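A.B. asks: Chain S is already provided as a structure; the job is to place chain A with the ligands on it using the hints.
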Amino acid sequence: MVSAMEIYQLTPKLNCKKCGLPTCMAFAVALLAREKQIEDCTPLLEPKYEAKLKKLREVMAPIAGATETGLIIHDERCYGCGNCVVACPVNVANDPKGSAIGLGPKSDRVILVVEDGVVKCLNPKECRRFGPNRILCNLCTATCPSKAIEFV
Amino acid sequence: MAVCTGCSLLCDDIEVSIDGRRITKTKNLCRKGFGRYRSLSSDRSVPKVDGKQVGIDAAISRAAEMLRDAKRPLLFGWSCSTLEAQRKGIELAKRTKAIIDDTSSICQGEIVEMVIRGEIPTCTLDDVRNYGDTLIFWGCDPSSSHPRHMSRFSYFPRGEKLQRGHEEDRTAFLIDIRASPTAKILSGNFVQIPPGGDADLIDAMLAVLDGKIPRVRDKKAMIAMMNTLKKADTGVIFPGLGLAYSLRGRMDRLKALVDRLNEYTKYNVIPMVGHYNMRGFNQLLFDETGFINRVSFADGIDHGPMYSVVEASKSCDLAMVVGSDPISSLPAGIAKALARVPMITLDPHRTLTTELSRVVIPTALSGIEAGGSALRMDGVRIGLDPIVKSEYPSDEEALSMILGAI
Ligand code: SF4
Ligand code: SF4
Ligand code: SF4
Ligand code: SF4
Numbered sequence: 001m002v003s004a005m006e007i008y009q010l011t012p013k014l015n016c017k018k019c020g021l022p023t024c025m026a027f028a029v030a031l032l033a034r035e036k037q038i039e040d041c042t043p044l045l046e047p048k049y050e051a052k053l054k055k056l057r058e059v060m061a062p063i064a065g066a067t068e069t070g071l072i073i074h075d076e077r078c079y080g081c082g083n084c085v086v087a088c089p090v091n092v093a094n095d096p097k098g099s100a101i102g103l104g105p106k107s108d109r110v111i112l113v114v115e116d117g118v119v120k121c122l123n124p125k126e127c128r129r130f131g132p133n134r135i136l137c138n139l140c141t142a143t144c145p146s147k148a149i150e151f152v
Numbered sequence: 153m154a155v156c157t158g159c160s161l162l163c164d165d166i167e168v169s170i171d172g173r174r175i176t177k178t179k180n181l182c183r184k185g186f187g188r189y190r191s192l193s194s195d196r197s198v199p200k201v202d203g204k205q206v207g208i209d210a211a212i213s214r215a216a217e218m219l220r221d222a223k224r225p226l227l228f229g230w231s232c233s234t235l236e237a238q239r240k241g242i243e244l245a246k247r248t249k250a251i252i253d254d255t256s257s258i259c260q261g262e263i264v265e266m267v268i269r270g271e272i273p274t275c276t277l278d279d280v281r282n283y284g285d286t287l288i289f290w291g292c293d294p295s296s297s298h299p300r301h302m303s304r305f306s307y308f309p310r311g312e313k314l315q316r317g318h319e320e321d322r323t324a325f326l327i328d329i330r331a332s333p334t335a336k337i338l339s340g341n342f343v344q345i346p347p348g349g350d351a352d353l354i355d356a357m358l359a360v361l362d363g364k365i366p367r368v369r370d371k372k373a374m375i376a377m378m379n380t381l382k383k384a385d386t387g388v389i390f391p392g393l394g395l396a397y398s399l400r401g402r403m404d405r406l407k408a409l410v411d412r413l414n415e416y417t418k419y420n421v422i423p424m425v426g427h428y429n430m431r432g433f434n435q436l437l438f439d440e441t442g443f444i445n446r447v448s449f450a451d452g453i454d455h456g457p458m459y460s461v462v463e464a465s466k467s468c469d470l471a472m473v474v475g476s477d478p479i480s481s482l483p484a485g486i487a488k489a490l491a492r493v494p495m496i497t498l499d500p501h502r503t504l505t506t507e508l509s510r511v512v513i514p515t516a517l518s519g520i521e522a523g524g525s526a527l528r529m530d531g532v533r534i535g536l537d538p539i540v541k542s543e544y545p546s547d548e549e550a551l552s553m554i555l556g557a558i
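Protein sequence lines correspond, in order, to chains S and A.
The first sequence: position 27 = 27 (the working numbering), numbered continuously.
For the working numbering, add 152 to where a residue sits in the second sequence, where the first one is 1.
Hints should not be assumed to be uniformly reliable.
[Claimed, not checked] Below, in silico cross-link-like pairs of lysine to any residue (SDA-like), each with a Cα-Cα straight-line distance of 20 Å or less:
| # | chain 1 | residue 1 | chain 2 | residue 2 |
| --- | --- | --- | --- | --- |
| 1 | A | Lys177 | S | Ile73 |
| 2 | S | Lys55 | S | Pro43 |
| 3 | A | Lys177 | S | Glu115 |
| 4 | S | Lys147 | A | Asn341 |
| 5 | A | Lys184 | S | His74 |
[To be verified] For each label pair, taking beta carbons as the anchor points, the in silico distance ranges come out as:
| # | chain 1 | residue 1 | chain 2 | residue 2 | range |
| --- | --- | --- | --- | --- | --- |
| 6 | A | Ile558 | S | Lys97 | 48 to 56 Å |
| 7 | S | Lys147 | A | Ile558 | 52 to 60 Å |
| 8 | S | Pro89 | A | Thr380 | 19 to 27 Å |
| 9 | S | Lys147 | A | Thr176 | 24 to 32 Å |
| 10 | A | Gly187 | S | Leu136 | 33 to 41 Å |
| 11 | A | Arg316 | S | Ser107 | 16 to 24 Å |
| 12 | S | Leu136 | A | Gly340 | 15 to 23 Å |
| 13 | S | Leu136 | A | Ser339 | 14 to 22 Å |
| 14 | S | Pro124 | A | Ala373 | 37 to 45 Å |
| 15 | S | Gln9 | A | Gly348 | 45 to 53 Å |
| 16 | A | Ala373 | S | Lys147 | 21 to 29 Å |
| 17 | A | Thr380 | S | Asn138 | 20 to 28 Å |
| 18 | A | Arg316 | S | Glu76 | 28 to 36 Å |
| 19 | A | Ser194 | S | Lys97 | 34 to 42 Å |
In short, the hints are calculated from the structure, not lab data.
Predicted model only: the values in this text are computed from it and were never measured.
Yeah, the Cβ is synthetic: ideal placement off N, Cα and C, and Gly gets one too.
This is chain S alone, in the form it adopts within the complex (with noise of 0.2 Å):
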């Protein structure tokens, strides 16, 4: 995954502020937390940074599907196994009679379900990572055999 040194590098550290932000690094920190776009940089979009632009957006193609939680999952590497289904505590929680005991999940409330044959995320909000009490959660990463889900 892409680092916010990578990404700084490929900003045209001007320090000018036009981003809102008081540095480069700031804003490539911002950038990394999605919350702030490439746009937000001016001065990137002019002709000279023209090779910048090409390459960070490059870089951060992969994490424009992240969610809201900085959940990405790379459907190529999904078996479809549902190990994360099955040991996401929101999904336990919320579903007792489905995911909680290896099954499908029966109730509209879990995370992660699957889906011709790959893991979707629904309702990112209920994540762990997400919100003012967010915690470390990792139990969906740490189960999976091919690291089909990664947070950024």
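C.D. replies: Here is chain A with the ligands on its own, set in the frame of chain S:
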């Protein structure tokens, strides 16, 4: 709810939306099972005789004729057919004095036989979910072969006595020759052995149980593992193909370990059967003949290695293949021997075997287009209900037609 026949877990919590014959959405199918459902509309076989497309009746009557004339037919496959079709197959073998064998003959047969004969204790996967607190995956990679094994039954789900699932209540070990995808999940309890090292590992495990120093590199880890295994409440061993191949002909070693562990606490064995109803065929043939595979009905009931597909493919004068693709899946030598004899193949899909067959009889895809029942890897019977119609007969119907035409 539909059932998946993608592997021997026969997952029965599948939701499928269909529009005519097109699958529009599925829930809970793993990627492998989704592939099986999607195969509904890809590479389907058509009735053929001598390479020419014919009507299904012509293919059936030609098959019956060939079976009637054969002196030493071999009927092979069976592990991807329903119990009802398998029963017809055994009847057909008796009627044509054929040799009958299934894929277990070249994979898990020895272990399945010990389980069916009651020589090693077994239990159901539901028991594993509810009580199995200590697990050994041995020579298998469930993440790839039976993707929902760990999430539906063995490791991750909450059970009656195991309310906290894998986090606190269950311990699972993986013994394998390579760091498979499953090893990524069980990295803390992964015991890597050299190819063929299973028997030596069993010796080391038995040595620890006898209070001796094991002859392995990491003695401490081995002793710790055996202490965990001894402390189990309900232990379960899942032997896979890796163990079956490595211990071929020496399966008494596995039995010795299971017996010894049972002196401390309860240990059961559930072989990781691959195809969805191999266990069913083995059980039916056993009930009928006392043997799970490799049977000849030429003169009463006879059993032996000469009736395995490996040997029989060399000596038969006709092969009927049902729901299997031996030409691409068996070692080259056997495939060559089979390709030498006239073949009749019943299969929903076009395969290398159908391509080389004298007669091809297309069949309905069981579990999706054809109903019936099957035995899950643990021997539990699961009913299958078709969800779409097929223009072709089920294996069971095709075999009945052949029986009627002989
Ligand atoms: S607008 Fe661009 S160049 Fe200016 S501080 Fe922000 S990131 Fe740096
Ligand atoms: S981080 Fe935790 S709560 Fe969020 S989806 Fe993954 S397992 Fe569930
Ligand atoms: S994301 Fe990983 S754990 Fe979840 S279903 Fe896919 S392969 Fe299994
Ligand atoms: S684990 Fe096996 S039976 Fe279950 S959905 Fe996957 S392929 Fe089908």
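A.B. asks: Please go over all the hints and tell whether each is borne out by the structure.
C.D. replies: So, going through the hints one by one against the coordinates:
1. With a CA separation close to 19 Å, the supplied pair lysine 177(A) and isoleucine 73(S) stays within the 20 Å bound.
2. The hinted pair formed by lysine 55(S) and proline 43(S) meets the criterion: a straight-line CA distance of about 15 Å does not exceed 20 Å.
3. Between the alpha carbons of lysine 177(A) and glutamate 115(S) the distance comes to roughly 7 Å, so the proposed pair stays at or under 20 Å and holds.
4. A hinted pair counts as satisfied when its Cα atoms are at most 20 Å apart, and lysine 147(S) with asparagine 341(A) qualifies at roughly 19 Å.
5. At roughly 17 Å between alpha-carbon atoms, lysine 184(A) and histidine 74(S) fall within 20 Å of each other, so this suggested pair holds.
6. Between isoleucine 558(A) and lysine 97(S) the Cβ separation comes to about 51 Å, which falls inside the hinted range of 48 to 56 Å.
7. In this structure the hint that lysine 147(S) and isoleucine 558(A) lie 52 to 60 Å apart at CB holds, the actual value being about 55 Å.
8. Here the CB-CB span from proline 89(S) to threonine 380(A) is close to 25 Å, well matched to the stated 19 to 27 Å.
9. At about 29 Å, the beta-carbon gap between lysine 147(S) and threonine 176(A) stays in the expected band of 24 to 32 Å.
10. For glycine 187(A) paired with leucine 136(S), a C-beta distance near 35 Å keeps the hint of 33 to 41 Å intact.
11. For the pair arginine 316(A) and serine 107(S), the beta carbons lie near 20 Å from each other, so the given range of 16 to 24 Å is met.
12. For leucine 136(S) and glycine 340(A), the Cβ-Cβ distance of about 20 Å falls inside the hinted range of 15 to 23 Å, so the restraint holds.
13. In this structure the hint that leucine 136(S) and serine 339(A) lie 14 to 22 Å apart at CB holds, the actual value being about 20 Å.
14. At roughly 40 Å, the beta-carbon separation of proline 124(S) and alanine 373(A) lies within the given 37 to 45 Å, and the hint holds.
15. Take glutamine 9(S) and glycine 348(A): their Cβ atoms lie about 50 Å apart, and the range 45 to 53 Å holds.
16. Range check, alanine 373(A) to lysine 147(S): about 26 Å between beta-carbon atoms, so the 21 to 29 Å window is met.
17. Taking the beta carbon of each, threonine 380(A) and asparagine 138(S) are about 24 Å apart, inside 20 to 28 Å as hinted.
18. Take arginine 316(A) and glutamate 76(S): their Cβ atoms lie about 33 Å apart, and the range 28 to 36 Å holds.
19. Range check, serine 194(A) to lysine 97(S): about 35 Å between beta-carbon atoms, so the 34 to 42 Å window is met.
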